[in-house]
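Novice: In case you want the letters, here they are:
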Amino acid sequence: MKKQNNLNNTQNPGQIHDIGIKRGAGRLSREKIASVLEKLIETEGGARLSAYINTCVHCGLCSDACHHYLSRGCDPRFSPAGKVKQTVSTILAKKGKVSPEFIKRTCEIAFTECNLCRRCQLYCPFGIDISYLMLFIRRACHLLGVVPQYIQDTAHSHSATMNQMWVRDDEWIDTLQWQEEEARDEIPDLRIPIDKQGADIFYSVIGPEPKFRPQLIYQMAVIMHAAGADWTLPSAPGWDNSDMCMYTGDVEMTARLKKVHFEAAIGLKNKRIVMGECGHAFRSVYDVGNRLLGWKMPPLPTVHAISFYSELLEEGRIEIDHKFERPVTFHDPCNIVRGRGLHETARYIINRVCKTFIELEPNREHNFCCGAGGGVINCGPPFKTKRVESNKVKADQLAAAREKGAEVVIAPCHNCHGGLEEIIEHYELGMELMFLSDILYECIKKK
Amino acid sequence: MAALKSNILRLLVVFLVLAACAAAARAYVTIVEDSAFDDRQMRPQVSFEHNEHNEKAGIESCNTCHHFYENGEKRKNSDSVGMECSSCHYKAESGELELIRIYHKQCKSCHLQKEQGPVQCGQCHRKTGENP
Amino acid sequence: MHAIYELAGGFLVWAALVIFAGGTVIRMAWLAATARKKDAAVFHYFSFYYALRSILHWIVPFASRNMRLHPVMTAVTFIFHLCLIITPIFAAAHVILIAESWGGGWWYLPDAAADIMTLTVILGCVFFLIRRISKKDVRYLSTAGDYILLVIVAAPFLSGYWSYHQWSGFEIAGIVHMLSGELLLICIPFTRLFHMILFPFTRGYAGSEFGGMRSARDW
Numbered sequence: 019m020k021k022q023n024n025l026n027n028t029q030n031p032g033q034i035h036d037i038g039i040k041r042g043a044g045r046l047s048r049e050k051i052a053s054v055l056e057k058l059i060e061t062e063g064g065a066r067l068s069a070y071i072n073t074c075v076h077c078g079l080c081s082d083a084c085h086h087y088l089s090r091g092c093d094p095r096f097s098p099a100g101k102v103k104q105t106v107s108t109i110l111a112k113k114g115k116v117s118p119e120f121i122k123r124t125c126e127i128a129f130t131e132c133n134l135c136r137r138c139q140l141y142c143p144f145g146i147d148i149s150y151l152m153l154f155i156r157r158a159c160h161l162l163g164v165v166p167q168y169i170q171d172t173a174h175s176h177s178a179t180m181n182q183m184w185v186r187d188d189e190w191i192d193t194l195q196w197q198e199e200e201a202r203d204e205i206p207d208l209r210i211p212i213d214k215q216g217a218d219i220f221y222s223v224i225g226p227e228p229k230f231r232p233q234l235i236y237q238m239a240v241i242m243h244a245a246g247a248d249w250t251l252p253s254a255p256g257w258d259n260s261d262m263c264m265y266t267g268d269v270e271m272t273a274r275l276k277k278v279h280f281e282a283a284i285g286l287k288n289k290r291i292v293m294g295e296c297g298h299a300f301r302s303v304y305d306v307g308n309r310l311l312g313w314k315m316p317p318l319p320t321v322h323a324i325s326f327y328s329e330l331l332e333e334g335r336i337e338i339d340h341k342f343e344r345p346v347t348f349h350d351p352c353n354i355v356r357g358r359g360l361h362e363t364a365r366y367i368i369n370r371v372c373k374t375f376i377e378l379e380p381n382r383e384h385n386f387c388c389g390a391g392g393g394v395i396n397c398g399p400p401f402k403t404k405r406v407e408s409n410k411v412k413a414d415q416l417a418a419a420r421e422k423g424a425e426v427v428i429a430p431c432h433n434c435h436g437g438l439e440e441i442i443e444h445y446e447l448g449m450e451l452m453f454l455s456d457i458l459y460e461c462i463k464k465k
Numbered sequence: 078m079a080a081l082k083s084n085i086l087r088l089l090v091v092f093l094v095l096a097a098c099a100a101a102a103r104a105y106v107t108i109v110e111d112s113a114f115d116d117r118q119m120r121p122q123v124s125f126e127h128n129e130h131n132e133k134a135g136i137e138s139c140n141t142c143h144h145f146y147e148n149g150e151k152r153k154n155s156d157s158v159g160m161e162c163s164s165c166h167y168k169a170e171s172g173e174l175e176l177i178r179i180y181h182k183q184c185k186s187c188h189l190q191k192e193q194g195p196v197q198c199g200q201c202h203r204k205t206g207e208n209p
Numbered sequence: 005m006h007a008i009y010e011l012a013g014g015f016l017v018w019a020a021l022v023i024f025a026g027g028t029v030i031r032m033a034w035l036a037a038t039a040r041k042k043d044a045a046v047f048h049y050f051s052f053y054y055a056l057r058s059i060l061h062w063i064v065p066f067a068s069r070n071m072r073l074h075p076v077m078t079a080v081t082f083i084f085h086l087c088l089i090i091t092p093i094f095a096a097a098h099v100i101l102i103a104e105s106w107g108g109g110w111w112y113l114p115d116a117a118a119d120i121m122t123l124t125v126i127l128g129c130v131f132f133l134i135r136r137i138s139k140k141d142v143r144y145l146s147t148a149g150d151y152i153l154l155v156i157v158a159a160p161f162l163s164g165y166w167s168y169h170q171w172s173g174f175e176i177a178g179i180v181h182m183l184s185g186e187l188l189l190i191c192i193p194f195t196r197l198f199h200m201i202l203f204p205f206t207r208g209y210a211g212s213e214f215g216g217m218r219s220a221r222d223w
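Residue numbers (the numbering used here), protein chains in the order written: chain W, 19 to 465; chain B, 78 to 209; chain D, 5 to 223.
Isolated chain W (complex conformation) (with noise of 0.2 Å):
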């Protein structure tokens, strides 16, 4: 323990100043923090928690699939078992019996040190799985009022609005009205529907999209349109799928958000749900929500724009008019491919339409996460310096593919995005990062 503190005070932890964690703490007392935790380990902490801790040998056979702790010279405190012993392990040990400032550093290390990316658990013998153990001190820093105050604004807005960027009601139409608008411009009978009952296609995508990359919506209807799509997007709320609330700990905004958005497909009696090029956003429909709301599997099938894509290519409803010539690499998301296996399906999509492929290495299951999901891009300009400097290694692999001829990083999902831009910007890389929608848009025959 000693040793450990030691090392906490050597380098820049809690340095960072996060009014959402300062003030969350400050409200804190001893006997407050035990309590919660107690209550939380009891009603919450099963059988999952239970194995994972003590399964774990302390053999440290994570470490290298972490970027953190790669980034950071091996400093083993980001090692994905570093950050369990730092946390849920002391807190376990300890049963709940901590310091505000304890809270603090844990708040920190499990809102802006892992990305909840799961490459670790590819990594740990006995498949242990971390992203669980650092969501339950999520939850847990959630039930004790202790997040970031940048993510938490965002949980605000989604319980608030029921989308994750406090867009209202009419600025949402407003926006796939503009949206239509602009694309008659180029393809005078496109549409953009809304609320079509009984349309094959409900499509939904984050709420970043209607307020920063409008343009995004835009180049998917002409996609839709291309391919002769009955589709179709909500007027009213559920037209969201995104969910930072998962990231919190807030489950139960996060069970209220995927039934909303279930349920507003259902309620137009769509066939089946299209997801826009989103990582985490499809997590939480197809892997999380589901189970919060008790469903197996999600309620009617639900689909990834990758896959969408493929099928629309494998079944020739739409054409490459020309290929992408700037020489492309991709990096695999980790929601959708550690995440949904989607590697190959992207791949289908890139040799179709790009000219040159390169390959990033590591790649597929075993790509290195972007540092921006898991909620850690949503933790916001505080972090930022940290979040860049927690991925070296993603720059550096960038910068190989670069060599080898890689003008353009792919990349089917925003918080990869995000990521991927303050990497590619600080560390002056030059690359441009595109979506694929960006490139299908580009390379399809327009109808």
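Treat the hints with caution; some may be incorrect.
Estimated spans, in silico, between C-beta atoms of each pair [as the list claims (entries may be wrong)]: (1) E377(W) x R143(D): 34 to 42 Å; (2) V29(D) x E377(W): 42 to 50 Å; (3) P75(D) x A52(W): 44 to 52 Å; (4) L73(D) x E332(W): 34 to 42 Å; (5) S171(B) x K112(W): 55 to 63 Å; (6) I83(D) x A52(W): 40 to 48 Å; (7) F194(D) x E439(W): 45 to 53 Å; (8) A37(D) x E281(W): 31 to 39 Å; (9) A418(W) x V29(D): 49 to 57 Å; (10) I83(D) x I108(B): 37 to 45 Å.
No lab work stands behind these hints, which were simulated from the structure alone. These numbers were taken from a predicted model, which means no experiment stands behind them. Glycine residues also receive a C-beta, built at the ideal position from the N, C-alpha and C atoms.
We have chain W already, so just place chains B and D on it with the hints.
Specialist: Chains B and D in isolation, oriented as in the chain W frame:
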């Protein structure tokens, strides 16, 4: 002179005969052997000073160890001196393990009962060949 | 000496076996009951096919990427665990003792092989100890319990080796061998050694979620 010589000779003969009788009565054994054990004996053979052991242990009757059974009953007045243990206790189908078992049982069960004598592997199967 | 020998070779063997088996059953039953109550989804997602697929990739040497990244550790771990489990079950002396006590018995290793395997386990423990101390991340994770556990595992092998080679005081080593072996058995359900029992479950569950739900490989 001749008488003296023949007396010595007679004495010698008597001595040899007596010695032979003694040997026949209490064979002077120093090692546990059984032809049924195959060649791949893993542990060193057990040295066993027959007479010393019996003196120390106060064993008078041969059939305390060299027991003889007939129809499942131990015969009080018979013994199995001169027979190998394997001639009764070894069945080819039960293998060597059974033979090892009964040899161990023979020594160990008594040693444990009397709380004297060797019981651990290395105490009998000495690498140096010495008796404990 | 005879009294200790009889105790260690009789009652304590039974006690160790009962505690080991009972502890294992109780702990597994507790885990299953708790899972029913708090992690019911586990049972729904568990898939034998994907569990087995994952387990296979982690019990075949070098079948997972991480094993290939650490070839020395992988080789040592596999050989260590094999020897650790096979040696006590098939050591000639153990089989003979079982035959003496209960009759029966089974195939046993030539002493020379058991000797080398025992030495392998001891050297494996030394390797793990050195690794624990010298690798920064592993040292950071290590608790006093981890070191004690290493000693508990090494003890019966070291004392067995000592006793077999009849170095001075081997009679005491023999007793230590029996007692430490029993201690090791008792420790399994109550310490991290329980990973021996839990491995197929945690790995299998990871494999089930990755394979069954996420269509991804977890090795």
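Novice: Next, verify each hint and record whether it holds.
Specialist: Hint by hint, here is what the structure shows:
Look at E377(W) against R143(D): about 35 Å separates their beta carbons, and that is inside 34 to 42 Å. The supplied range of 42 to 50 Å is met by V29(D) and E377(W), whose beta-carbon atoms lie about 49 Å from each other. Restraint check, P75(D) to A52(W): a C-beta distance of roughly 46 Å satisfies the suggested window 44 to 52 Å. Under the hint 34 to 42 Å, the C-beta atoms of L73(D) and E332(W), about 35 Å apart, fit the expected range.
For the hinted restraint 55 to 63 Å between S171(B) and K112(W), the CB-CB distance of approximately 59 Å keeps it satisfied. Between I83(D) and A52(W) the CB atoms are about 46 Å apart, so this pair conforms to the stated range of 40 to 48 Å. Between F194(D) and E439(W), the C-beta spacing of about 50 Å keeps the proposed range 45 to 53 Å intact. A C-beta distance of roughly 34 Å is found between A37(D) and E281(W), which places it inside the suggested range of 31 to 39 Å.
A418(W) and V29(D) have their C-beta atoms about 52 Å apart, which keeps the hinted 49 to 57 Å range intact. Range check, I83(D) to I108(B): about 39 Å between beta-carbon atoms, so the 37 to 45 Å window is met.
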